[in-house]
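Taken in sequence, the protein lines are chains V and H.
Under the numbering used here, the residue at position 94 of the first sequence is numbered 94, and the numbers go up by one with no gaps.
In the numbering used here, each residue's number is its place in the second sequence (first place is 1) plus 252.
Bear in mind the hints are in silico, worked out from the structure with no lab data behind them.
Treat each hint with caution, since some may be false.
[As the list claims (entries may be wrong)] Computed cross-link-like contacts, EDC-like style, restricted to lysine to aspartate or glutamate with a CA-CA straight-line distance of at most 20 angstroms: (1) LYS415(H) <-> GLU441(H); (2) LYS341(H) <-> ASP88(V); (3) LYS341(H) <-> GLU91(V); (4) LYS440(H) <-> GLU185(V); (5) LYS188(V) <-> GLU437(H); (6) LYS86(V) <-> GLU343(H); (7) LYS86(V) <-> GLU387(H); (8) LYS338(H) <-> GLU135(V); (9) LYS338(H) <-> ASP88(V); (10) LYS109(V) <-> GLU185(V); (11) LYS46(V) <-> GLU73(V); (12) LYS89(V) <-> GLU343(H); (13) LYS89(V) <-> GLU387(H); (14) LYS89(V) <-> ASP340(H); (15) LYS338(H) <-> GLU12(V).
Predicted, not measured: the structure shown is a model, and the values here were computed from it.
There are 2 protein chains.
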Amino acid sequence: MQRYFIPAENWEDDLVTIDGEDAHHILRVMRYQVNDTFIGNHPNTKAAICKIVNVEAGVVQAYVEQWLEENAEMPVEITIAHGLPKGDKLELVLQKGTELGASGFIPFKADRSIVKWDKKKENKKRDRFAKIVKEASEQSHRNKVPTVQQLMSLHELIEESSKYNVKIFAYEEEAKVVNYISFSEIVKELRESDRVFVCIGPEGGFSQHEVETLKENDFKPVRLGPRILRTETAPLYVLASISYHLEELRCK
Amino acid sequence: MQRYFIPAENWEDDLVTIDGEDAHHILRVMRYQVNDTFIGNHPNTKAAICKIVNVEAGVVQAYVEQWLEENAEMPVEITIAHGLPKGDKLELVLQKGTELGASGFIPFKADRSIVKWDKKKENKKRDRFAKIVKEASEQSHRNKVPTVQQLMSLHELIEESSKYNVKIFAYEEEAKVVNYISFSEIVKELRESDRVFVCIGPEGGFSQHEVETLKENDFKPVRLGPRILRTETAPLYVLASISYHLEELRCK
Numbered sequence: 001m002q003r004y005f006i007p008a009e010n011w012e013d014d015l016v017t018i019d020g021e022d023a024h025h026i027l028r029v030m031r032y033q034v035n036d037t038f039i040g041n042h043p044n045t046k047a048a049i050c051k052i053v054n055v056e057a058g059v060v061q062a063y064v065e066q067w068l069e070e071n072a073e074m075p076v077e078i079t080i081a082h083g084l085p086k087g088d089k090l091e092l093v094l095q096k097g098t099e100l101g102a103s104g105f106i107p108f109k110a111d112r113s114i115v116k117w118d119k120k121k122e123n124k125k126r127d128r129f130a131k132i133v134k135e136a137s138e139q140s141h142r143n144k145v146p147t148v149q150q151l152m153s154l155h156e157l158i159e160e161s162s163k164y165n166v167k168i169f170a171y172e173e174e175a176k177v178v179n180y181i182s183f184s185e186i187v188k189e190l191r192e193s194d195r196v197f198v199c200i201g202p203e204g205g206f207s208q209h210e211v212e213t214l215k216e217n218d219f220k221p222v223r224l225g226p227r228i229l230r231t232e233t234a235p236l237y238v239l240a241s242i243s244y245h246l247e248e249l250r251c252k
Numbered sequence: 253m254q255r256y257f258i259p260a261e262n263w264e265d266d267l268v269t270i271d272g273e274d275a276h277h278i279l280r281v282m283r284y285q286v287n288d289t290f291i292g293n294h295p296n297t298k299a300a301i302c303k304i305v306n307v308e309a310g311v312v313q314a315y316v317e318q319w320l321e322e323n324a325e326m327p328v329e330i331t332i333a334h335g336l337p338k339g340d341k342l343e344l345v346l347q348k349g350t351e352l353g354a355s356g357f358i359p360f361k362a363d364r365s366i367v368k369w370d371k372k373k374e375n376k377k378r379d380r381f382a383k384i385v386k387e388a389s390e391q392s393h394r395n396k397v398p399t400v401q402q403l404m405s406l407h408e409l410i411e412e413s414s415k416y417n418v419k420i421f422a423y424e425e426e427a428k429v430v431n432y433i434s435f436s437e438i439v440k441e442l443r444e445s446d447r448v449f450v451c452i453g454p455e456g457g458f459s460q461h462e463v464e465t466l467k468e469n470d471f472k473p474v475r476l477g478p479r480i481l482r483t484e485t486a487p488l489y490v491l492a493s494i495s496y497h498l499e500e501l502r503c504k
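Can you build the whole structure from these sequences, using the hints too?
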């Protein structure tokens, strides 16, 4: 069944009002009519089967038929902080990372990031990012839409990371040192509702200064398998592995 | 260090001759000269540090300085058979799947595949695929370049799968039945050198006929986490999870 994330202000008890792009999708793309049903997601993670009761001037009204018990959210919160990569790689990370269960994304200006964001275009970019994560959430049947924060500096990133209790960064060089704690040892220790902050470098990796700053702030360096992953593949490896460990390995 | 996969016929004991695109890359992109070094990969998975000894008419000759002991290959062989998806999704799967350690790829004509391959363009397409997996292998420091086989029918796919001892297909519906064997239970049983055949449906998933045919031929249906993954994300989840389990969870 088609799924739509509907803002809190559009819910009035069991009556939902849908306008804008979602209404367009319902009426023009799906060609739904009165009595057709879809899944409506309330932002506080509840979802319901909704039946269309009225269509007027491109606005859809629907009633909740049944609240659903389903939950497709990871048992831990994972935020991906990604050093600004080239081209449309960040968009790939947002889309695939949402499917794979990330709670949030933060782009940051890494020392080796080559792209510069035009301040004027930042709003347009953020709208586009919001659309990508919303659509990916709908398509993957998630209960929540991940957040995409604004571009941060390393300093702001470190400050933000103080809200998290598990902090890692992808840095294969570290796998060669003596006191190395492996990625899997960190995943094994995860407990429900842990908040995990994952920092990924841009194409050229982290600078020495960034590595030292991350370490000083309790980020643990991890290796993600023995092959060298491209910058946009690393977060997908992290998310798939944690999903596999917590949602597939444990659940059966 | 830059890595190049060099065909067997270009090796003569410890002397390597490089021409064509790789020579162009060495001389024009990397701007290497005599005495510069790179990693040369012999197709039988051995790699060596090679030093350039001669450059003439765009052809590079190099001597092996040191054979390397490194191995970045998965302990099991994994082939991804992918129901022909739309657009450039197959190219994404080839590139990311190579980074994540796949041994081979087989595109197949699924009942719900919408794209049709133009026979005339098939050779050009195969050249492009070969280039993608070669470049991804070099970039991710693999010892082997994965194979990309020609487009198969379901019948040919089933015949090909008889060479494999573990066969799975992504089919989340199945996670709801009683005798379900989870993906992680299958991964836990993997032993070194096992040959794993992974079948992924196109955008609309498998047809009922395909599901039945796969089951009759000992393919086990698996769920890949509780979220619905896009067709191109499913093989990446499988590869990252198996890498995580066999290369990260076990190795430490």
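Results for each hint:
1. Restraint check for LYS415(H) and GLU441(H): satisfied, since their Cα atoms lie roughly 18 angstroms apart, inside the 20 angstroms limit.
2. Distance check on the hinted pair: LYS341(H) and ASP88(V) sit about 15 angstroms apart at the alpha-carbon level, within 20 angstroms; holds.
3. Distance restraint check for LYS341(H) and GLU91(V): the Cα-Cα separation of roughly 15 angstroms lies within the 20 angstroms cut-off, and the hinted pair is therefore satisfied.
4. For the suggested pair LYS440(H) and GLU185(V), the alpha carbons sit about 17 angstroms apart, so the restraint of at most 20 angstroms is met.
5. This hinted pair checks out: LYS188(V) and GLU437(H) have alpha carbons roughly 17 angstroms apart, not beyond 20 angstroms.
6. For the proposed pair LYS86(V) and GLU343(H), the alpha carbon gap of about 18 angstroms is at most 20 angstroms, so the pair holds.
7. A C-alpha spacing of about 18 angstroms is found between LYS86(V) and GLU387(H), which places the hinted pair at or below 20 angstroms, so the restraint holds.
8. Our distance criterion of 20 angstroms between C-alpha atoms is met by LYS338(H) and GLU135(V), whose separation comes to about 18 angstroms.
9. Proximity of LYS338(H) to ASP88(V) is assessed by CA-CA distance (about 19 angstroms); at most 20 angstroms being required, the pair is judged to hold.
10. Distance hint between LYS109(V) and GLU185(V) is unfulfilled; the C-alpha atoms sit about 29 angstroms from each other, more than 20 angstroms.
11. Straight-line distance between C-alpha atoms of LYS46(V) and GLU73(V) comes to about 11 angstroms, which keeps the hinted pair within the 20 angstroms bound.
12. With a C-alpha separation of about 15 angstroms, the suggested pair LYS89(V) and GLU343(H) falls inside the 20 angstroms cut-off, and the hint holds.
13. Only pairs whose Cα atoms come within 20 angstroms are accepted, and LYS89(V) paired with GLU387(H) is accepted, the gap being roughly 18 angstroms.
14. This hinted pair checks out: LYS89(V) and ASP340(H) have alpha carbons roughly 15 angstroms apart, not beyond 20 angstroms.
15. For the hint linking LYS338(H) to GLU12(V), the alpha-carbon distance of about 40 angstroms lies beyond 20 angstroms, and the restraint is violated.
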